[in-house]
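One letter stands for each residue in the lines below.
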Amino acid sequence: MKLCFFHLMPYQDLPDNFEKDYHSVWVDAPNSLFDPEKGHRMYNDFLDELEYAEAMGFDAICVNEHHGNAYGMMPSPNLMASAMIRATSKAAIVVLGNSLALYNPPIRVAEEMAMLDVLSGGRLIAGFPLGTSMDTIFGYGQVPATLREKYQEAHDLVIKAWKEREPFSFNGKFTQLRYVNIWPRPYQQPHPPIWVPGSGSLETWDWTIKNDYVYCYLSYSGYKVGKTILDGFWDEMERQGKEFNPYHAGFLQLVAVSETDEQAQEYKDSIEYFFKKSLHIPAGYANPPGYRTVKTNASAASATTMQSRTKQHTDFTWTDYLEAGNVIVGSPETVVQELTHAVKELRVGNLMLLLQFGDMPKELAMKNTTLFANEVMPHVRDLWSEYETRWWPEKLMSAAHGAGR
Amino acid sequence: MPETLNISLRGGDFEAEVLKDGSGPPLLYLHGAIGQKGWAPFLDALAERFTVYAPYLPGYSKSTGLEKLDDVADLTLYQFELLDALGVSKAHVVGHFLGGMIAAEMAALSPSYVDRLVLAAPAGTWRDSDPVVDLLSMSAEELQDNLWSSASSSMSISPADFEANSRLKEELAADRMQDLTAAGKFLWPIPDRGLKRRAYRIKAPTLVLWGENDRIIPPVYAEDFSRLVAGAQVSVIPNAGHLLMIERAEVFAGAVSDFLS
Numbered sequence: 175m176k177l178c179f180f181h182l183m184p185y186q187d188l189p190d191n192f193e194k195d196y197h198s199v200w201v202d203a204p205n206s207l208f209d210p211e212k213g214h215r216m217y218n219d220f221l222d223e224l225e226y227a228e229a230m231g232f233d234a235i236c237v238n239e240h241h242g243n244a245y246g247m248m249p250s251p252n253l254m255a256s257a258m259i260r261a262t263s264k265a266a267i268v269v270l271g272n273s274l275a276l277y278n279p280p281i282r283v284a285e286e287m288a289m290l291d292v293l294s295g296g297r298l299i300a301g302f303p304l305g306t307s308m309d310t311i312f313g314y315g316q317v318p319a320t321l322r323e324k325y326q327e328a329h330d331l332v333i334k335a336w337k338e339r340e341p342f343s344f345n346g347k348f349t350q351l352r353y354v355n356i357w358p359r360p361y362q363q364p365h366p367p368i369w370v371p372g373s374g375s376l377e378t379w380d381w382t383i384k385n386d387y388v389y390c391y392l393s394y395s396g397y398k399v400g401k402t403i404l405d406g407f408w409d410e411m412e413r414q415g416k417e418f419n420p421y422h423a424g425f426l427q428l429v430a431v432s433e434t435d436e437q438a439q440e441y442k443d444s445i446e447y448f449f450k451k452s453l454h455i456p457a458g459y460a461n462p463p464g465y466r467t468v469k470t471n472a473s474a475a476s477a478t479t480m481q482s483r484t485k486q487h488t489d490f491t492w493t494d495y496l497e498a499g500n501v502i503v504g505s506p507e508t509v510v511q512e513l514t515h516a517v518k519e520l521r522v523g524n525l526m527l528l529l530q531f532g533d534m535p536k537e538l539a540m541k542n543t544t545l546f547a548n549e550v551m552p553h554v555r556d557l558w559s560e561y562e563t564r565w566w567p568e569k570l571m572s573a574a575h576g577a578g579r
Numbered sequence: 055m056p057e058t059l060n061i062s063l064r065g066g067d068f069e070a071e072v073l074k075d076g077s078g079p080p081l082l083y084l085h086g087a088i089g090q091k092g093w094a095p096f097l098d099a100l101a102e103r104f105t106v107y108a109p110y111l112p113g114y115s116k117s118t119g120l121e122k123l124d125d126v127a128d129l130t131l132y133q134f135e136l137l138d139a140l141g142v143s144k145a146h147v148v149g150h151f152l153g154g155m156i157a158a159e160m161a162a163l164s165p166s167y168v169d170r171l172v173l174a175a176p177a178g179t180w181r182d183s184d185p186v187v188d189l190l191s192m193s194a195e196e197l198q199d200n201l202w203s204s205a206s207s208s209m210s211i212s213p214a215d216f217e218a219n220s221r222l223k224e225e226l227a228a229d230r231m232q233d234l235t236a237a238g239k240f241l242w243p244i245p246d247r248g249l250k251r252r253a254y255r256i257k258a259p260t261l262v263l264w265g266e267n268d269r270i271i272p273p274v275y276a277e278d279f280s281r282l283v284a285g286a287q288v289s290v291i292p293n294a295g296h297l298l299m300i301e302r303a304e305v306f307a308g309a310v311s312d313f314l315s
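First to last, the protein sequences are chains A and B. In terms of the working numbering, the first sequence has 238 at position 64, counting the first letter as 1, and numbering is strictly consecutive. In terms of the working numbering, the second sequence has 240 at position 186, counting the first letter as 1, and numbering is strictly consecutive.
Do not rely on the hints blindly, as some may be mistaken.
Said to hold, decoys possible - BS3-like mimics (lysine-lysine), calculated; alpha carbons at most 25 Å apart, straight line: (1) A:469 to B:250; (2) B:144 to A:469; (3) A:347 to A:337; (4) B:91 to A:347; (5) A:469 to B:122; (6) B:91 to B:122; (7) A:264 to A:401; (8) B:91 to B:116; (9) A:401 to A:384.
Since the hints were made in silico from the structure, they are not lab data.
Go ahead and model the full structure; you've got the sequences and the hints to work with.
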């Protein structure tokens, strides 16, 4: 089992009535709400938390890209990855990732990721998300009807730029380059492992499987809803006659560990901040016309996620979040039990753990990370040990950790 | 009753669904971003004096080929090919919003195809101080409201019309995911796609119509078109919103007919 410490770098100081007084946490939340001095403290706290996770034995530390929002303050995850690389040596660096269609020309992604890979000596895992509609359509002005096509063209270009050893030309619909010749090229050959985060689009399942990439489902709806999506992915794998391997998929789960189940109430405020403020997103921004295909919008999985999302962000309270599995909370014993159950249900080998969320202060995030590493990790490490991953930096495979995990 | 023509273009790359009725000189009507839902009363009124062709643009209803159109130039060329296939060498062109933008592009790119031009709340320019609303992030309910002169405007009309309008509102909203996918390709994120550089070529006599209470693209945009199109007349229709041709069908059809005759 691969245990990956994931960070969103949320803005932690939104006003108390933010969700009532403001339309959205994304796209139109005015940046007058951002206090640069507090932002300075937050960025440095968050990097401390990520570096601490490596020290505590997490297999990977993960960052991601979002724009124009207070949900996750990483318009450039590559900058954060760069800082982490210099402060770490053992963990894989998962950049999950760069939204390919937003870069002009997209070889910028090939270049920066190659830099990170070389700088880290081959520890990079490259993530290629399509990007949320808030980031791509609204924040970066992309045309919904052509976003996927543009993303795929950019993907083809980046992969080719990584693989080719001679300059080549590229005559695409969205990008035209007379000379493609990236320096540096990646440390890992032919390129870093590729993970693709998705939200249940049928097209993404198909594409990820055909390219033999890892499919990651990053929702906050918890593993009970997540099971619908992952089951869909595994069904598609079977339909395409692919051999099952849990490392072919990843899942993100919020987890909060305390000494006892009762003590775990200490995470209540952070949970509510996360769901009610960090995820305060109107439906119009989450699913504009053309962002998802008509086929996906009509699918059961899509309906499930949209419904649960709306309800969870407005009506839910602490106990509802626990019951729905949005967050796995409690004593180490409780967490081990529920997490093991979730991982087996989902059949995922790459578990991304969100241990800092909402306005959780650094001390509590550190405590959560410590308890998870000391009390939970040893009990879930060996899940799926009978399988081997082929989506992990090779250099780290041969190191201290065993084959599977 | 209008007839429905199914026109195949470029060896089947495009299948165009075209509504047709009336007699007299040809008139091409190009609908706006949220499409058209069948044959509307204002088209009936125009059909009394003109042969009206009202195609669904690619991506709307059963018209196909959206994925083969990359930009506004492609969509404009498509209109010429459609007219060729219909056997029409020159037509009056009336366009609403997205359709207005394309109508203006037609008149600029190939003036010989366009007899007279009517632009109803046309898209195609941009004002930072008066932005066109963001149609993509609107919920179905917000869209239904904003299309009309005011949320309660339907109350001032006859019960039968009110019923018809309510039904239309629902139909318009129901198809918005499909319709706005197509519109987004030509209007998102900013509908200024270069018309201002080409509008000097428009030679057709031009009438610009606007609903006084248009809440999608405010009437101040009429100034752009009176500046860009030499000799353009501007007329603002009172008590009408974005769907001026639906809300004030008689006034709209009257103004268009008078101008074209």
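Here's how the hints hold up against the structure:
Pair hint residue 469 (chain A) plus residue 250 (chain B) does not hold up; C-alpha atoms about 38 Å apart against a cutoff of 25 Å. Using a Cα cut-off of 25 Å, the hinted pair residue 144 (chain B) and residue 469 (chain A) is violated, with the two alpha carbons roughly 40 Å apart. Taking the CA atoms of residue 347 (chain A) and residue 337 (chain A), the gap is near 21 Å; set against the 25 Å cutoff, the hint holds. Taking the CA atoms of residue 91 (chain B) and residue 347 (chain A), the gap is near 33 Å; set against the 25 Å cutoff, the hint is violated.
Annotation: proposed proximity of residue 469 (chain A) to residue 122 (chain B) holds, straight-line Cα distance about 19 Å (limit 25 Å). Note on residue 91 (chain B) and residue 122 (chain B): the hinted pairing holds, with a Cα-Cα distance of about 24 Å set against a maximum of 25 Å. Our distance criterion of 25 Å between C-alpha atoms is broken by residue 264 (chain A) and residue 401 (chain A), whose separation comes to about 31 Å. Proposed proximity of residue 91 (chain B) and residue 116 (chain B) is supported: the alpha carbons are some 12 Å apart, at most 25 Å.
For the given pair, residue 401 (chain A) sits about 22 Å from residue 384 (chain A) by alpha-carbon distance, which is consistent with the 25 Å threshold.
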